[in-house]
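Number of protein chains: 2
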Amino acid sequence: MDNFSYYTPTLYEFGRGTEEKVGMLTFLTGASKVMLVYGSKYAKNNGLVDRIANSLLTIGIDYVELGGVRPNPTDELVYEGIRLGRAKKIDGLLAIGGGSVIDTAKAIAAGIPYKGDFWDFFTGKSQVSEALPVGVVLTIPGSGSEGSGNCVITKADTAVKLSLRTDSILRPRFAILNPEMTFTLSAYQTAVGIVDMMTHILERYFTTTPRVEVTDRLAEGLLMALIAEAPRALTDPTDYQARANIEWAGTLAHNGLVGCGRREDWVSHFMEHEISAMYPDIAHGAGLAVVVPAWMAYMAHHKPSKVAQLGRRIFGIDARDDRTAAIETVASLRAFFGAVLRMPLSFKALGVDDPDIDAMVERLHANKGEVIGGYYKLKADDTRQIYELMLDPAQVAARQAGRKSEPEPAPDREAEPEPEAEAAMA
Amino acid sequence: MDNFSYYTPTLYEFGRGTEEKVGMLTFLTGASKVMLVYGSKYAKNNGLVDRIANSLLTIGIDYVELGGVRPNPTDELVYEGIRLGRAKKIDGLLAIGGGSVIDTAKAIAAGIPYKGDFWDFFTGKSQVSEALPVGVVLTIPGSGSEGSGNCVITKADTAVKLSLRTDSILRPRFAILNPEMTFTLSAYQTAVGIVDMMTHILERYFTTTPRVEVTDRLAEGLLMALIAEAPRALTDPTDYQARANIEWAGTLAHNGLVGCGRREDWVSHFMEHEISAMYPDIAHGAGLAVVVPAWMAYMAHHKPSKVAQLGRRIFGIDARDDRTAAIETVASLRAFFGAVLRMPLSFKALGVDDPDIDAMVERLHANKGEVIGGYYKLKADDTRQIYELMLDPAQVAARQAGRKSEPEPAPDREAEPEPEAEAAMA
Chain A
1 MDNFSYYTPT
11 LYEFGRGTEE
21 KVGMLTFLTG
31 ASKVMLVYGS
41 KYAKNNGLVD
51 RIANSLLTIG
61 IDYVELGGVR
71 PNPTDELVYE
81 GIRLGRAKKI
91 DGLLAIGGGS
101 VIDTAKAIAA
111 GIPYKGDFWD
121 FFTGKSQVSE
131 ALPVGVVLTI
141 PGSGSEGSGN
151 CVITKADTAV
161 KLSLRTDSIL
171 RPRFAILNPE
181 MTFTLSAYQT
191 AVGIVDMMTH
201 ILERYFTTTP
211 RVEVTDRLAE
221 GLLMALIAEA
231 PRALTDPTDY
241 QARANIEWAG
251 TLAHNGLVGC
261 GRREDWVSHF
271 MEHEISAMYP
281 DIAHGAGLAV
291 VVPAWMAYMA
301 HHKPSKVAQL
311 GRRIFGIDAR
321 DDRTAAIETV
331 ASLRAFFGAV
341 LRMPLSFKAL
351 GVDDPDIDAM
361 VERLHANKGE
371 VIGGYYKLKA
381 DDTRQIYELM
391 LDPAQVAARQ
401 AGRKSEPEPA
411 PDREAEPEPE
421 AEAAMA
Chain B
1 MDNFSYYTPT
11 LYEFGRGTEE
21 KVGMLTFLTG
31 ASKVMLVYGS
41 KYAKNNGLVD
51 RIANSLLTIG
61 IDYVELGGVR
71 PNPTDELVYE
81 GIRLGRAKKI
91 DGLLAIGGGS
101 VIDTAKAIAA
111 GIPYKGDFWD
121 FFTGKSQVSE
131 ALPVGVVLTI
141 PGSGSEGSGN
151 CVITKADTAV
161 KLSLRTDSIL
171 RPRFAILNPE
181 MTFTLSAYQT
191 AVGIVDMMTH
201 ILERYFTTTP
211 RVEVTDRLAE
221 GLLMALIAEA
231 PRALTDPTDY
241 QARANIEWAG
251 TLAHNGLVGC
261 GRREDWVSHF
271 MEHEISAMYP
281 DIAHGAGLAV
291 VVPAWMAYMA
301 HHKPSKVAQL
311 GRRIFGIDAR
321 DDRTAAIETV
331 ASLRAFFGAV
341 LRMPLSFKAL
351 GVDDPDIDAM
361 VERLHANKGE
371 VIGGYYKLKA
381 DDTRQIYELM
391 LDPAQVAARQ
401 AGRKSEPEPA
411 PDREAEPEPE
421 AEAAMA
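From first to last, the protein sequence lines stand for chains A and B. If you count the first sequence from 1, position 137 lands on 137 in the working numbering, and the numbers rise without skipping. If you count the second sequence from 1, position 323 lands on 323 in the working numbering, and the numbers rise without skipping.
Check each hint, because a few of them may be wrong.
Copies of one chain are not kept apart here, so a pair can be met inside one copy or by any two copies together.
What the hints assert, rightly or not - Cross-link-like lysine-lysine pairs, in silico, DSBU-like; alpha carbons within 35 Å at most:
hint, residue 1, residue 2
1, K125, K379
2, K115, K21
3, K155, K368
These are computed hints drawn from the structure, not numbers from a lab. Predicted model, so just to flag it, every value in this text is computed and none were measured.
Please put together the full structure from these sequences, using the hints given.
The structure is reproduced here in structure tokens:
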């Protein structure tokens with residue numbers, strides 16, 4: 001266990017009807033005029049934004065609106081929000097939505113009091129020392145942004161997606177979590193949220209810090225709860241208890257709890273960011289469902305110990321040697337993502353027939369450094385192999401045929417498809 | 001899952017050397033003159049109090065001292081602290097010690113700004129609406145008071161021990177947790193702390209709230225981590241990693257995390273409070289090591305379901321029917337408390353040869369109501385049987401012999417000892 005500071009001053013109001021407290025909670029942040037930030041559909045259409053606006057007015061809090069946040073939110077709306085917020089002299093923000101909405105609100109909250117360009121915070125040129133208070137009414141669980149001090153924004157002109165991590169200054173002051181608001185999420189939206197939550201846990205789980213039994217057990221517990229509750233929410237989208245357990249697990253997955261005292265490893269997120277930067281229609285969670293098992297399969301062959309521990313503890317795998325246990329763990333995780341969550345498991349299933357892996361690898365290391373990863377150090381040759389593990393068998397075959405054709409014209413381009421994508425690793 | 005509010009604005013500074021931050025952290029609470037509260041031995045003798053006092057002076061924070069807090073802290077020192085604090089015009093408190101010290105500091109923090117008698121908060125006559133900031137340097141883990149809004153004080157003249165629970169106003173502003181400070185704890189002190197932690201988890205675990213998978217899994221995870229790390233700390237008291245995992249588990253056991261969204265059941269604590277009120281030399285954790293398995297054994301016969309779940313998940317018990325699994329769970333827990341932690345498992349082992357069970361039952365229900373308990377409702381007849389389960393076989397035999405003698409003079413008082421204390425339940 002490493003030394004750590006842990007400070008989570010977010011008030012969570014969890015359960016049915018908790019959105020009725022939004023006026024009082026906003027008042028308690030000291031704000032008198034807030035910006036309501038929301039997406040393009042759900043929150044406005046179903047009247048939630050108007051209900052919240054009314055409850056603010058009732059308590060004497062004025063507001064302005066900034067709608068239209070889209071998935072993978074960009075700097076453009078942040079700049080617009082900063083201009084609007086300064087012009088209207090707001091002193092707080094209220095995010096009504098999921099991660100994209102919350103992250104946009106956080107970036108605006110940090111940008112308004114800052115004299116320079118808010119993007120400085122993301123490039124590391126400057127640090128956030130001041131921010132307006134942000135409150136959250138969560139409608140899409142998964143990002144964990146409602147309880148974290150982090151935020152991810154994409155630079156629209158270059159498609160560079162960067163994360164900003166703060167200890168606590170960007171943590172929301174309060175987060176209202178009513179699981180009923182998630183009843184209308186589609187099976188797909190529910191599933192991508194669950195993959196995102198599981199990845200937030202796994203990227204903290206895989207660490208080189210020894211003797212982290214407490215946080216290992218907490219991480220495994222959250223994963224087991226998600227694995228148990230996911231099929232219930234998918235079978236009955238209005239199963240309140242399943243929705244509630246999933247939503248709370250999603251907050252705890254990312255508020256720092258399972259990262260206390262350990263080095264973390266965000267390689268799967270970084271690798272996925274390059275995919276969704278290049279193919280912006282891919283949902284973050286869907287991309288992760290492809291990346292995480294591929295990364296883990298590579299680990300099963302290069303550093304299987306913690307993969308094996310994970311599988312033994314959460315899937316009940318009893319193989320005695322670590323490599324076998326790790327391979328079975330990857331198979332179990334893939335089965336859960338594929339058969340239960342109905343998530344894509346390959347580039348092809350993501351709709352990317354011919355992924356530009358060279359470009360992904362190049363951008364990944366240009367953005368994150370020559371050597372990346374905590375649990376296991378990865379260079380370009382490693383990350384290339386991991387991306388190749390995301391190809392489905394037909395894609396592997398097509399590439400092998402293509403590669404053969406370069407040095408010598410191939411007499412037969414229809415190579416036998418390999419039975420498993422992992423064969424690409426050999 | 002029930003609705004809940006969860007707000008934990010305590011900054012945890014965890015690890016080696018973190019006590020060096022005490023000056024800055026105290027400064028950040030806004031305090032300019034604090035009361036240093038500590039016990040009778042450890043913190044003063046080893047120079048910790050003086051080191052902290054010096055680091056406060058360096059940063060320009062003045063202080064007064066209040067030493068001599070004892071286990072099962074009483075109202076007398078709280079009154080003294082309130083008088084001293086008002087006279088010296090302190091504006092903050094720093095507790096250097098374990099639960100007794102922290103609870104004394106919290107009661108003083110609430111008492112100083114209150115016009116009435118601070119005991120009003122404990123009797124429910126008044127609620128805490130204001131308190132001075134409290135910081136903690138933890139030297140004895142177990143109570144969890146460093147992260148909780150609760151505090152337990154005993155009225156010296158009546159031996160009534162009452163708990164005060166607040167949402168967040170009495171949560172420490174910061175808690176400094178350096179596992180090295182726990183190296184000098186004896187095996188006994190270490191063990192009673194671990195039993196206290198486990199009980200904080202178990203009394204939240206046993207609930208009637210359905211579908212609490214997330215918090216169940218977190219609770220089980222913390223228990224498994226404690227069970228794994230305890231023997232390591234007992235074998236090598238300077239095993240930093242074992243001490244660190246135990247200390248952090250102890251904080252999470254009681255800061256509300258595993259109670260979110262569920263009704264809790266504090267019957268074991270209530271039953272133990274009556275034992276230690278009557279026999280004040282008994283350490284709280286040692287009393288709990290006797291009470292908890294007895295309560296759980298009673299549940300194994302009356303409501304085994306959750307006991308069985310616990311044992312299946314943390315001890316790997318595979319008995320198919322709940323009652324058998326529950327009985328095996330109790331046996332496993334007793335084995336851990338007895339063989340690993342070397343804790344007492346009966347009144348006799350606690351040094352109480354002839355416990356006044358009638359008086360305990362009467363006081364328990366007088367203090368807590370005719371029907372107590374959440375997971376399973378207990379009346380006086382039930383709690384009497386649970387107390388009787390804490391008798392060791394020789395004590396059971398002696399009592400049976402004694403009882404027989406009342407209606408008719410017994411020819412032979414040496415009844416055969418029952419093989420198991422549980423036989424008293426039959």
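These are the hints, each one checked on the structure:
For a Cα distance limit of 35 Å, the shortest separation of K125 from K379 inside one copy, 26 Å, qualifies, whereas the shortest one across copies, 66 Å, does not. With identical chains, the CA atoms of K115 and K21 are at most 35 Å apart both within one copy (34 Å) and between copies (31 Å). Within a single copy, K155 and K368 get their C-alpha atoms as close as 16 Å, which meets the 35 Å cut-off; across copies the closest is 61 Å, which misses it.
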